[in-house]
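**Q** Listed below are the residues making up each chain.
Number of protein chains: 2
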Amino acid sequence: MEFQIDKTDGNARACTIKTAHSTIQTPVFMPVGTVGSVKSLDAVDMSEMLGAQIILGNTYHLYLRPSDEVVKHFGGLHGFTKFPNSFLTDSGGFQAFSLSDISKADSNGIMFKSHIDGSTHYFTPEKVLDIQYNLNSDIMMILDDLVALPATKERIALSIKRTTDWAKRAITYHQEKQAQGIGKHQNIFAIIQGGTDKEFRHISANELCALPFDGFAIGGLSVGESNALMYETVEYTTPLMPKEKPRYLMGVGTPEDLVENVERGVDMFDCVMPTRNARNGSLFTSFGKISIKNAKFQKDESPLDPECDCFTCKHYSRGYLHHLFRAKELTYFRLASIHNLHYYLTLMKQMREAILKGEFKAFKAEFYRKRGK
Amino acid sequence: MEFQIDKTDGNARACTIKTAHSTIQTPVFMPVGTVGSVKSLDAVDMSEMLGAQIILGNTYHLYLRPSDEVVKHFGGLHGFTKFPNSFLTDSGGFQAFSLSDISKADSNGIMFKSHIDGSTHYFTPEKVLDIQYNLNSDIMMILDDLVALPATKERIALSIKRTTDWAKRAITYHQEKQAQGIGKHQNIFAIIQGGTDKEFRHISANELCALPFDGFAIGGLSVGESNALMYETVEYTTPLMPKEKPRYLMGVGTPEDLVENVERGVDMFDCVMPTRNARNGSLFTSFGKISIKNAKFQKDESPLDPECDCFTCKHYSRGYLHHLFRAKELTYFRLASIHNLHYYLTLMKQMREAILKGEFKAFKAEFYRKRGK
Numbered sequence: 004m005e006f007q008i009d010k011t012d013g014n015a016r017a018c019t020i021k022t023a024h025s026t027i028q029t030p031v032f033m034p035v036g037t038v039g040s041v042k043s044l045d046a047v048d049m050s051e052m053l054g055a056q057i058i059l060g061n062t063y064h065l066y067l068r069p070s071d072e073v074v075k076h077f078g079g080l081h082g083f084t085k086f087p088n089s090f091l092t093d094s095g096g097f098q099a100f101s102l103s104d105i106s107k108a109d110s111n112g113i114m115f116k117s118h119i120d121g122s123t124h125y126f127t128p129e130k131v132l133d134i135q136y137n138l139n140s141d142i143m144m145i146l147d148d149l150v151a152l153p154a155t156k157e158r159i160a161l162s163i164k165r166t167t168d169w170a171k172r173a174i175t176y177h178q179e180k181q182a183q184g185i186g187k188h189q190n191i192f193a194i195i196q197g198g199t200d201k202e203f204r205h206i207s208a209n210e211l212c213a214l215p216f217d218g219f220a221i222g223g224l225s226v227g228e229s230n231a232l233m234y235e236t237v238e239y240t241t242p243l244m245p246k247e248k249p250r251y252l253m254g255v256g257t258p259e260d261l262v263e264n265v266e267r268g269v270d271m272f273d274c275v276m277p278t279r280n281a282r283n284g285s286l287f288t289s290f291g292k293i294s295i296k297n298a299k300f301q302k303d304e305s306p307l308d309p310e311c312d313c314f315t316c317k318h319y320s321r322g323y324l325h326h327l328f329r330a331k332e333l334t335y336f337r338l339a340s341i342h343n344l345h346y347y348l349t350l351m352k353q354m355r356e357a358i359l360k361g362e363f364k365a366f367k368a369e370f371y372r373k374r375g376k
Numbered sequence: 004m005e006f007q008i009d010k011t012d013g014n015a016r017a018c019t020i021k022t023a024h025s026t027i028q029t030p031v032f033m034p035v036g037t038v039g040s041v042k043s044l045d046a047v048d049m050s051e052m053l054g055a056q057i058i059l060g061n062t063y064h065l066y067l068r069p070s071d072e073v074v075k076h077f078g079g080l081h082g083f084t085k086f087p088n089s090f091l092t093d094s095g096g097f098q099a100f101s102l103s104d105i106s107k108a109d110s111n112g113i114m115f116k117s118h119i120d121g122s123t124h125y126f127t128p129e130k131v132l133d134i135q136y137n138l139n140s141d142i143m144m145i146l147d148d149l150v151a152l153p154a155t156k157e158r159i160a161l162s163i164k165r166t167t168d169w170a171k172r173a174i175t176y177h178q179e180k181q182a183q184g185i186g187k188h189q190n191i192f193a194i195i196q197g198g199t200d201k202e203f204r205h206i207s208a209n210e211l212c213a214l215p216f217d218g219f220a221i222g223g224l225s226v227g228e229s230n231a232l233m234y235e236t237v238e239y240t241t242p243l244m245p246k247e248k249p250r251y252l253m254g255v256g257t258p259e260d261l262v263e264n265v266e267r268g269v270d271m272f273d274c275v276m277p278t279r280n281a282r283n284g285s286l287f288t289s290f291g292k293i294s295i296k297n298a299k300f301q302k303d304e305s306p307l308d309p310e311c312d313c314f315t316c317k318h319y320s321r322g323y324l325h326h327l328f329r330a331k332e333l334t335y336f337r338l339a340s341i342h343n344l345h346y347y348l349t350l351m352k353q354m355r356e357a358i359l360k361g362e363f364k365a366f367k368a369e370f371y372r373k374r375g376k
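Chains E and G supply the protein sequences, listed in that same order. For the first sequence, our numbering gives the first residue as 4, with consecutive numbering after it. For the second sequence, our numbering gives the first residue as 4, with consecutive numbering after it.
Read the hints as simulated data drawn from the structure, not as lab findings. This one's a predicted model, so the numbers in the text were calculated from it and none came from an experiment. Certain hints may be false.
Pairs count within a copy or across copies, as identical chains cannot be separated in the list.
Quick list of in silico lysine to any residue cross-link-like pairs, SDA-like style, CA-CA up to 25 Å [what the hints assert, rightly or not]:
no.: 1; residue 1: Lys360; residue 2: Gly82
no.: 2; residue 1: Lys201; residue 2: Ile293
no.: 3; residue 1: Lys331; residue 2: Thr37
no.: 4; residue 1: Lys107; residue 2: Leu152
no.: 5; residue 1: Lys246; residue 2: Asp312
no.: 6; residue 1: Lys75; residue 2: Lys331
no.: 7; residue 1: Lys42; residue 2: His318
no.: 8; residue 1: Lys317; residue 2: Val47
no.: 9; residue 1: Lys42; residue 2: Lys331
no.: 10; residue 1: Lys21; residue 2: Lys296
no.: 11; residue 1: Lys352; residue 2: Ser110
no.: 12; residue 1: Lys42; residue 2: Asn209
no.: 13; residue 1: Lys302; residue 2: Thr37
no.: 14; residue 1: Lys42; residue 2: Asn297
no.: 15; residue 1: Lys85; residue 2: Thr288
no.: 16; residue 1: Lys299; residue 2: Ser70
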């Protein structure tokens, strides 16, 4: 992976990341393609219509179905899904923890039962890398030990200790594998834990950032804490991370969260929000969210957002989308997902342009002004 | 509507129909866009990707939701859905009969309860035209009296009498409306009934074809009778229909049904089969149907049909589609629907070419040979 900082504006950064599959300009939002498709969209939608430079795949889901062996048979995620740009895959730990009825972490890894068929599986730091070698993602995340907030100090202390232990095992294993010619073009990111406790974040960041990972993520946020506490934790953590490597805030968030955390020095984001909200009828616009099921849109001939130039806004009215949503038509899901992802990806581009011009503060003020905030 | 016969080959016909919105080359298959969208697809998919010259909208559904008044507000179906080519709308009678828990025909029309909210409605020959004027479809179907097969002779006799009575009321009403400037660019088709009884089909065809409709449909088939009986009834009925007007076989059918009935002189078809089957995992190919959920496709890197040049076959493997189907991903529905509709529309084009070359018999033999029949 090549990484360079193109410009900084305060703590906000505009960077360029080059992987084996694409050039990623940051700040970047990674749409979530859980099981090898961004829900309701295909690879042509993602690469040609939306211009996504990188999408996220979920290791837990792909491991269980169709299995990483099947994905490998097709030449990895790129060959399987035909999305030509970069993939980041998570470690699977979060889903083993959140989707499984039964999951249990011990010092060696995480035991869990499949949400599909109840079969028992065990993820270790090495196992999740083996899966990700088969998936051939451009960026692999290591297994970390997650904690639901609020948590006791003891539990958080255990989490960051385990996370560091597992990170050491992961980087050692990855170096061995690369020496054997496996995963040579794949990059590996560690995940800083520590809840919203500054001391723990400090320890976790220091321990992990001393290791030769290709990038670092802030994990364990956006799990129920207040926005203010999330922003404060990010603001505290980013200065502890190396400048010369990408910084990824996992599972975040709303458009406001993206703006606030770019300002605090984050380069990369992922979240199911744009696609999940789209399916639920919640659509993002330059002036805030709208609920398309609202009866007031029934005869509305205007596009979702007059400032938007996405495929959906170019072709269809609020009234038609309102009808499709109410009638539960499959067509709705794609049109709404295109719009919301276009909104997110465009917001990132606008932030990058503002950073390049040294106008991030003005951009942020205008972003809030349009929303009446 | 302009209509011309370009070529005949036996009883098979290649014709051209010009409506206010598009030029339709027959034999033609009309994809079904029940509530104003062909399920999982949008107007750009239909017009640009698939090149559909005409699609069918369901009067019953559109009347109930969003209502024909709302569709009229957007400038009719074209303005509402943004599909630029022709629309044919059915009369709503079939759905009032099949979807409603309670429906009852009398000499004046059909009373039914909405499947959405249980509200009571009454369709008359005039009412369903008023709805279709608001929808501004290019071809309107008149209200007919449907009979589930098998039925008694008395019930069929009543059906064809009512259908003729309602047809007379419909054509009179339409002429009055057109004289008032309403529906001036809209065409009106009558529907020949009579079950599989030759005598009744003869009476119904004679009575209706004496009236100045723009085209004629064969209704009341593909409702449970054998294929052989359907083909026999069509073969008997088409010669009773005027040569100089389009002939439409409603709700039919499989690829084999299309070939057999084109051979018997039918110009137009509609059916939910390509889109419904797609959603259920049943995909059409030049060598017959395949069930994409079959485990043998898990590692299959080939396209659905090596002879197919649709968007789906150009980009994706059977293995990926198998995975998307198994994982119930929304993306699957669009890719599968594109393939099945492309198969149907291409089959119609191939039949037209064969007719123009006077090679329909050879085409039919090859069609069955590829399927091992």
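**Q** Against this structure, judge whether each hint is valid.
**A** Verification of the supplied hints:
In this homomeric assembly, Lys360 and Gly82 never come within 25 Å of each other (Cα to Cα): the closest approach is 38 Å inside a single copy and 42 Å across copies. In this assembly of identical chains, the alpha carbons of Lys201 and Ile293 never lie at most 25 Å apart, being 36 Å within a copy and 58 Å across copies at closest. Taking the shortest Cα distances, Lys331 and Thr37 sit within 25 Å of each other both inside one copy (22 Å) and across copies (12 Å). Taking CA atoms no more than 25 Å apart as the test, Lys107 paired with Leu152 passes inside one copy only; the shortest distance there is 17 Å, against 60 Å between copies.
For a Cα distance limit of 25 Å, the shortest separation of Lys246 from Asp312 qualifies neither inside one copy, at 35 Å, nor across copies, at 49 Å. Taking the shortest Cα distances, Lys75 and Lys331 sit within 25 Å of each other only across copies (21 Å), while inside one copy they are farther apart (36 Å). Taking identical chains as interchangeable, the C-alpha atoms of Lys42 and His318 lie at most 25 Å apart whether they share a chain (21 Å) or sit on different chains (17 Å). For the identical chains of this complex, Lys317 and Val47 are neighbours both inside a copy (18 Å) and across copies (11 Å), given an alpha-carbon limit of 25 Å.
Proximity of Lys42 and Lys331 under a CA criterion of 25 Å is satisfied in both settings, with 16 Å inside one chain copy and 10 Å between copies. For the identical chains of this complex, Lys21 and Lys296 are neighbours neither inside a copy (41 Å) nor across copies (38 Å), given an alpha-carbon limit of 25 Å. For the identical chains of this complex, Lys352 and Ser110 are neighbours neither inside a copy (42 Å) nor across copies (65 Å), given an alpha-carbon limit of 25 Å. Within a single copy, Lys42 and Asn209 get their C-alpha atoms no closer than 37 Å, and across copies no closer than 53 Å, so neither meets the 25 Å cut-off.
In this assembly of identical chains, the alpha carbons of Lys302 and Thr37 lie at most 25 Å apart only when taken from different copies (20 Å versus 35 Å within one copy). Proximity of Lys42 and Asn297 under a CA criterion of 25 Å is satisfied in both settings, with 23 Å inside one chain copy and 22 Å between copies. Within a single copy, Lys85 and Thr288 get their C-alpha atoms only as close as 30 Å, which misses the 25 Å cut-off; across copies the closest is 22 Å, which meets it. Taking the shortest Cα distances, Lys299 and Ser70 sit within 25 Å of each other only across copies (15 Å), while inside one copy they are farther apart (46 Å).
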